[in-house]
Every structure is written in structure tokens, then in C-alpha cells.
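Listed below, chain by chain, are the residues.
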Amino acid sequence: MAQEILERNVEKPNISFDGGDSLAIDPTKARLISKRRHTTLPQWATAWIVLIPALIFLVLFMFYPIVNTFFMAFIQDFRWVNGAGSFALGNFINALSQPCQSWDTTTGICEVYNILPTFGFGNFAIVLTDPVFPKTILNTLELVVIEVPLTILISLLIATFLNSIKALRGLFQTIFFLPYVTNTIALGLVFNMLFSSGQGGIMNIILNNLFGIDPINWLSPNVTTWSGAASRFSQGVVIVVYAIWNGLAFKILVFMSGLATIDKQYYDAAKIDGSSSFTIWRRITLPLLSPQILYITVTSFIGAFKMYTGVMAVYSSLNRGAYYFGGEKGEEWMPIVGWIYNQLDANFDKPGIAAAGSLVLLAIILLITLLQFAVSKKRVHY
Amino acid sequence: MAEHAMYFANQSELRAYKAKTITLKVLLYIFLTIFALFILTPFIFMVASSFIDASAFEKFTLYADFSKLGFENWTFNNYAQIFATSYLDSLGNPVARPSFAQYFLNTFIVAIGSTLVTVVTAVLASFAFARLEFKGKDLLFTFLLATMMVPGEMMVITNYQTTIMLDWKFTFCALIFVHGVSVFYIFYLRQTFQQIPNELYLAAKVDGVSDIEYLVKVMIPIAMPTIMTIVILSLMGAWNSFIWPTLVANGGWKYNKKYDMRLVSNGLMSLFSSDIAKGQDAIKVAGSMVVTAPLFVFFLCFRKYIMRGVSRSGIKG
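Residue numbers (this note's numbering), protein chains in the order written: chain Y, 4 to 385; chain W, -2 to 314.
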């Protein structure tokens, strides 16, 4: 029974109201009695005509890339060559038909054979034994596990607090939304400067005044006169703080819209029963907000696993380019996506490895989504 | 609080209750204010420090000398540098450099072009999905939704090859057409279209109106708020796009001519590493300001549309 209700609610969003096709007018007949003469196309023809523009883009830049990337990931020793047969399968067949790289000019016998591409899991083996890739998975996991729950908790608190005040509510709401309409790179620079490596960086001053902590070299890999190179921990702090700052806006907005739909009668009833504010929050707000919390949890985890710009932006003003993520070699906090783009940019003639990396990312995302839906079946109240 | 008065046995209990609620309210406002400050600090820092000259900036950031933010140190020089088309090297010779005006122009073209393409494809496709009946509709739609799960990186790898194949690198085509369709916008608009009562369609059919006419004259006007939201989110997305332009349009040479196809985000990245901003962080901050300020103005003008659209989407360019 409960399952049935759940499914019905999931499939039908509450907003759709159907006018009903139950009217006694049949549109096809209506066309016959119409006085204006129109050569109207049948619906299916119109449908395919209006779908054409979208379909062209979808096929070229979405469906085909998914299939192609999938394919490339499973071809070992795949070398991408521009020109005819640039799509993976064509290239693959091309390469197979050219087994020889150079011939002995006099005898015509093959001297050097090409390494022929083969199907298999070779790319995945390369990716998983790569010196950096497994580390990027751990990096991403660490950042996600710290950042996402913190952001959700803080935004939940802010949203419930905002919901319970009247004065200044609009102002606070606008302020909390501001990070959403900013440029990630631009604000990354500002965070870099707030956590300035200088002794007087604002964050250093605040920490010094409040807790008497010595100035910290937050991000710079350079050893300065007064401090060593930035530690992994201090860099992680900056990344997480920036991620939280960046991530609150959207979550607060969604929670606020969820809170607005909760019936005030529940709260009145609880107050009459003399429940404390915390009990009300725990027993009424949280359960009734659980669909939004599920939605935010799923999207945040997926989004966080795809983090790239936010991490890179924190380091952007160190002038090390778009693939620098701290440390000596720029790998200290490199996220999965950073590794994929780095691979693609560095050896785009061997896209199989980047493709395999992106498939690993897809697998992680699918796994987490499934896990969360499995958990939510027990916990979410619709 | 008057409605609660009857539940209290005596005055002192009522007073205790009132004191408790007031303390709670105060704590609540303190919490909100702290986080509001956390949100605002970077903006305040950015605005204040972008207007002060280099030496004042150094004192301000290195020694936290807040007095340097005073008006006597204010200058528009940082901004002038951002938009300058040349700078003087150490020997005093002028060296040409890309100006932010170029980046702005590039971004405007891409933003308007890609928004146009995205909106047209989304309106037409969602019309088909919401209003028309055809074979394979459900299958195609499920297929579309499934692609939303796939991380964009998978597509980027192949799209990059396609871009090279089509000789689109360093062209507007790569920036506009590759993201010319958004499954999410189709999905979002379809929902709005579906809320339009069927009676309107049937009435239009009685009048002999064709499907396309019905879309243009009835559905688009009714769905205008949603379309506006899509336009605004799409413009913002183009303004903030970074990864794809970095791969396909990050400066470069073509046909023996130097092309600068960078968009503002990439322009900002290249500003950070350019000679002009070397050791001059005030100019970098001014660059950040220049990229952020238009977004803010945009937000203040279209607050309603943006917040409504975002609460449904969760996309950020």
C-alpha cells in the first residue's frame, strides 16, 4: 500500500493538472467541419519536423559521443587520427587494415609492424595502475565526504531559521543566494587572496586574533621565509570552505521552497502539545522535508564527484594553468574530472585512457545514485 | 504571542516563556548574521580592493592594513589596465595584449548565439513531447532523461574530436553549437507546456489552426515566463562557461593569424598569468570584479526568474 502511494506520487508531480481529453469533440473530425481550409500535417509528421533541430544536436553532440566514448574506452592501443573515419569504430577498422608501419624498400617485406588495437580492458588497467588516477579518486572522495554533508546541514539550518523569521528575511535570502550568481574562477581568486599566503592574509589575521594561531601558508607550494610549503590539510581547508560557500545558495533555495509547502497546522498542533522547537524540527520539519533532502543529497553527491572548476579556481592565481591542483606536481588535490581533462589535453591522440577514466566516473556516480535510492526507500516520506 | 497567553498558569511562567523565545530569536539572528557575513566577506574584499592602487593593495593584503582602503588611495587604474589593448614592457616599449573588451564581445556573441539555438530547439522539441502524439515518443523521452545521468566529461572527449574534425577549433561554431541543446530545458519546458489545458488545443483545432500556429500563438505566450527563465539561465551559463572554451578556444593560431576566442572566464585565467598582472594582484581582483559585476546587475534585474528557475534545475554553467 505504502509502496503504491509512493510510486504514484513519484510519477505524478503535484503541479500537473490535466484538462482531460474527455471532451466530446474529436480534433480530427473538428478539422473536417472547419470552414478555413488548411492542409494540416498529421501530428506525427509535425512532431518529427519540430524535433529535427533538437535531434541533430542531440545525435551529433550527445548520443554519438556517449557511444563513441564508451567504445574508445574498450579499445586498447587506440590512436585517434584526424580525417576520414575519425569516429572510433572507423578509426579502429582503419588501423586494423594497416598492420605495417614501414617496409623494406627493396624486398617489400614489412620491417616494423603497427601495434594493432584490440578490444579489452587494457585502458582500465592503465587507468587504475596510473600513478595519479587512484589518488584523484581518493581526493574526490575525501572532499565529497567532508563538504557535502556539511553544506547540507548548514543550508538546512539556515533554511529553517530563515523560515521562522519575518524581519529581514528577504534581505538574508538575497544575500544567501548571491554566491550562485558569481563566476567560479573570479571568486576562486578572491578566496585565494583571503587565504593569502602573506602573513597578513585576512584569514591569518582572524585566526591570529581569535585563537593566537601563527600565520599559515594556505595554498602556495613555495617555501617562504617564514613558513614551509602549504600542507595538504591547509589546502583542503580552503577548497572545502570555498565549496561550502559556493554550494549553500542552491540548497537553501530548494529547502526554502520545500518548507513553504509544509502545512502550518502541524506546527500549531505541536505547539499546543508543548513540543520544544528542536522536537518540532526533528519530528515535523525533517520528515516533511525529506523529499527535498533526498533530491539535494543525490544531486550534491553527483555534482561533487564531478568537481573540477571549484578546486582549480582556488589555485588559479598561482599561474600554473587549468590543471594545477596544489603541491609540487599539481596533483595534491586533483579531482577525477581534473585528471580526465588533463589527459584529454595532454594526449588527445590517445583518448582511450581519458575515456576509460570517464567511464570509471560514470560507474561511481551510478553506484552512489543507486545506493542513495536504496537508502531513501526506508527514510523518505512523501 | 497573544494567542498563547491562555496556556500559562501565571504571569511569571508567561514571562519565562517570552524570555525564552526572545533569546532563541536573538541566537537565530546571530547565526544568520554570521553566515551572511561569511557569504559577503569575499564580495566586500573584492569591491574594496579592486579600487585601490598597487602599493595600498600590497599593504592591505600583506599586513591587513585596513586604513589603506581609504578614499585617498582610490584609483580606476586597475580597471583601465583590464581594458587596455597594450602595455609597456620593462624597456618602455608598448606590447599588444588582448583586452577584456574582446573577451566581452566574444562572450556576448556566444551567449546570444547559444541561447538562441538552445531556446529554439527546446521550444520545438518540448512542444512535440508535450502536445503531439507520435510513435516512439516515450522511448525517445526516456532516452533523453537517461543522458542527464551521464557525466558531461564523457561527451567532451568525443566532442573535442568532432571539433577538430570539423575544423571548428577557435571558432564560434564550437562554442555555440556543441551545447546547442539542453535536455534539462526540454524537460522543464515540457512540464510547463503540459499544464496548458487541452481545451485550448481542441478549440484551436475547431478553428482550423495548424499545430505550429497553435504553438506560436497560444503555447509560447502562455509559457513565456518559463522561456524567460530558460533564456536567463542560458545566458548566465554562457557567461560562466569555462571547461569547454578552455579546450577549444583558448587563444591560438589559425591560418597564420592570431585568434583570441577566449570567453570571460578564460580571459580571467589568462589575465592571472599575463605579464600585465604579474605581481599586481589589484589588477587580478579588478578583473574578477569586471567578470562578476555584470552577473550581479543581471541578477538584480531578473531575480524572480533566476530564483524560480534555479530552484528547479541546479545547473550552473
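Derived from the structure by calculation, the hints contain no laboratory data. Glycine included, every Cβ here is placed at the ideal spot set by N, Cα and C. There's no promise every hint is true.
Every beta carbon over 10 Å from chain Y, so not counted as near; a handful from chain W, in silico [what the hints assert, rightly or not]:
1) 7
2) 16
3) 43
4) 69
5) 81
6) 105
7) 215
8) 243
9) 248
Where chain Y lies over chain W, by a calculated footprint (3+ residues, C-beta under 8 Å) [said to hold, decoys possible]:
10) 173 to 186
11) 217 to 231
12) 260 to 274
Consistency of the hints with the structure:
1. Non-interface status of residue 7 (chain W) relative to chain Y is upheld: no Cβ of that chain comes within 10 Å, the nearest being about 16 Å off.
2. No Cβ of chain Y approaches the Cβ of residue 16 (chain W) within 10 Å, the least distance being about 14 Å, so the stated non-interface status holds.
3. Distance check on residue 43 (chain W): its Cβ comes as close as 5 Å (rounded) to a Cβ of chain Y, failing to clear the 10 Å threshold; non-interface status is violated.
4. Every C-beta of chain Y lies more than 10 Å from that of residue 69 (chain W), the closest at about 20 Å, which supports listing it as non-interface.
5. Residue 81 (chain W), annotated as away from the interface, keeps every beta carbon of chain Y farther than 10 Å; the closest lies near 19 Å.
6. Against the 10 Å criterion, residue 105 (chain W) stays outside the reach of chain Y, whose nearest CB is about 15 Å from its own CB.
7. At roughly 13 Å, the least C-beta separation between residue 215 (chain W) and chain Y is larger than 10 Å, which holds for a residue marked as non-interface.
8. Distance check for residue 243 (chain W) against chain Y: the nearest CB is about 5 Å away, which does not clear 10 Å, and the non-interface claim fails.
9. At roughly 13 Å, the least C-beta separation between residue 248 (chain W) and chain Y is larger than 10 Å, which holds for a residue marked as non-interface.
10. For the stretch 173 to 186 of chain W, the stated coverage by chain Y is satisfied: 7 residues place a CB nearer than 8 Å to a CB of that chain, which reaches the threshold of 3.
11. Closer than 8 Å: that is the beta-carbon criterion, and the stretch 217 to 231 of chain W has 0 residues meeting it against chain Y, so the requirement of 3 is violated.
12. Taking a C-beta to C-beta cut-off of 8 Å, the stretch 260 to 274 of chain W contributes 6 residues in contact with chain Y, enough for the three needed, and the coverage statement holds.
Taken one by one, the earlier hints fail for this structure at numbers 3, 8 and 11, listed in ascending order.
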